[in-house]
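Colleague: Sequences and hints are given; from them, build the entire structure.
Per my numbering, the very first residue in the sequence shown carries number 24; after that it's consecutive.
These are computed hints drawn from the structure, not numbers from a lab.
Fair warning: this is a prediction, and the values are worked out from it, not measured in the lab.
Even glycine gets a Cβ: it sits at the ideal position worked out from N, Cα and C.
Incorrect hints may have been included.
Stated by the list, open to error - Straight-line alpha carbon distances no greater than 27 Å define the calculated BS3-like cross-link-like pairs of lysine-lysine that follow:
(1) K75 to K35
(2) K111 to K99
(3) K180 to K99
(4) K180 to K131
(5) K76 to K111
(6) K188 to K50
(7) K157 to K80
(8) K131 to K80
(9) K76 to K50
(10) K76 to K35
(11) K105 to K184
(12) K111 to K184
Said to hold, decoys possible - Ranges between beta-carbon positions, derived for each pair:
(13) K157 to V101: 26 to 36 Å
(14) L41 to S79: 14 to 24 Å
(15) I70 to I121: 16 to 26 Å
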Amino acid sequence: MTRGSIIFVRRKGILSRLIRLFDHRGKFSHVAITVSDTEILEADINIVSRVKKFNSKEYSYYEILDLGLSSEQQEKVVEISKEYIGKKYDYAQIFGYIIKNLFHLKGKNLFNNPNNLICSELVFDVLDHLGITKDLGITGEVRGIDLTPNELYDLLKYLAKSIEKSQT
Numbered sequence: 024m025t026r027g028s029i030i031f032v033r034r035k036g037i038l039s040r041l042i043r044l045f046d047h048r049g050k051f052s053h054v055a056i057t058v059s060d061t062e063i064l065e066a067d068i069n070i071v072s073r074v075k076k077f078n079s080k081e082y083s084y085y086e087i088l089d090l091g092l093s094s095e096q097q098e099k100v101v102e103i104s105k106e107y108i109g110k111k112y113d114y115a116q117i118f119g120y121i122i123k124n125l126f127h128l129k130g131k132n133l134f135n136n137p138n139n140l141i142c143s144e145l146v147f148d149v150l151d152h153l154g155i156t157k158d159l160g161i162t163g164e165v166r167g168i169d170l171t172p173n174e175l176y177d178l179l180k181y182l183a184k185s186i187e188k189s190q191t
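Modeller: Listed below in structure tokens is the structure:
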């Protein structure tokens, strides 16, 4: 795992299944970004954004996308990550995803609180600070604040220099 790699995971349990159900029946329920060889930055339910040790045993499946960041970009990931530690989780945004899916609504998630984060929003913001999103042509009104973990995966898998998958 190199700094700046993106880790998409499927957890064990009912909450993971529910998240995947409302996230286009995708294979992932959570995403984080690595800040060292062993640690990740994440926004997770019931906690504020934090850095923690990555423990593969917590997940039933995971994929690590190495975006091939330069040494300078990897250092910036560590610095940028400090700005996000302690941010609250955005429960309203999750509620908005459920409403959008139940009623097949399109457009921006009106329940998104700009002061709080969900996991995919956190990862996108870090990549945005690095300038990676500009390289993808994601500018102006097109933002990552409404991307779910599986939508972010679909966007980033084409950038990955390598993808490491867990054995299932």
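Colleague: Hints first: check each against the structure and report whether it holds.
Modeller: Hints, one by one, checked against the model:
1. K75 to K35: Answer holds: K75 to K35 is near 18 Å, not above 27 Å.
2. K111 to K99: Holds, at about 22 Å.
3. K180 to K99: Holds - the C-alpha atoms of K99 and K180 are around 21 Å apart, at most 27 Å.
4. K180 to K131: At roughly 23 Å apart (the allowed maximum being 27 Å), K131 and K180 satisfy the hint.
5. K76 to K111: holds, 19 Å
6. K188 to K50: holds, 12 Å
7. K157 to K80: It is violated: about 35 Å lies between the C-alpha atoms, which goes past 27 Å.
8. K131 to K80: violated, 35 Å
9. K76 to K50: Status holds; Cα separation ~22 Å.
10. K76 to K35: holds, 18 Å
11. K105 to K184: holds, 26 Å
12. K111 to K184: Violated. K111 to K184 sits at ~32 Å, over the 27 Å cutoff.
13. K157 to V101: 26 to 36 Å: violated, 20 Å
14. L41 to S79: 14 to 24 Å: holds, 22 Å
15. I70 to I121: 16 to 26 Å: Check passed, 21 Å falls within 16 to 26 Å.
Of the hints listed earlier, those the structure fails to meet are numbers 7, 8, 12, 13, in rising order.
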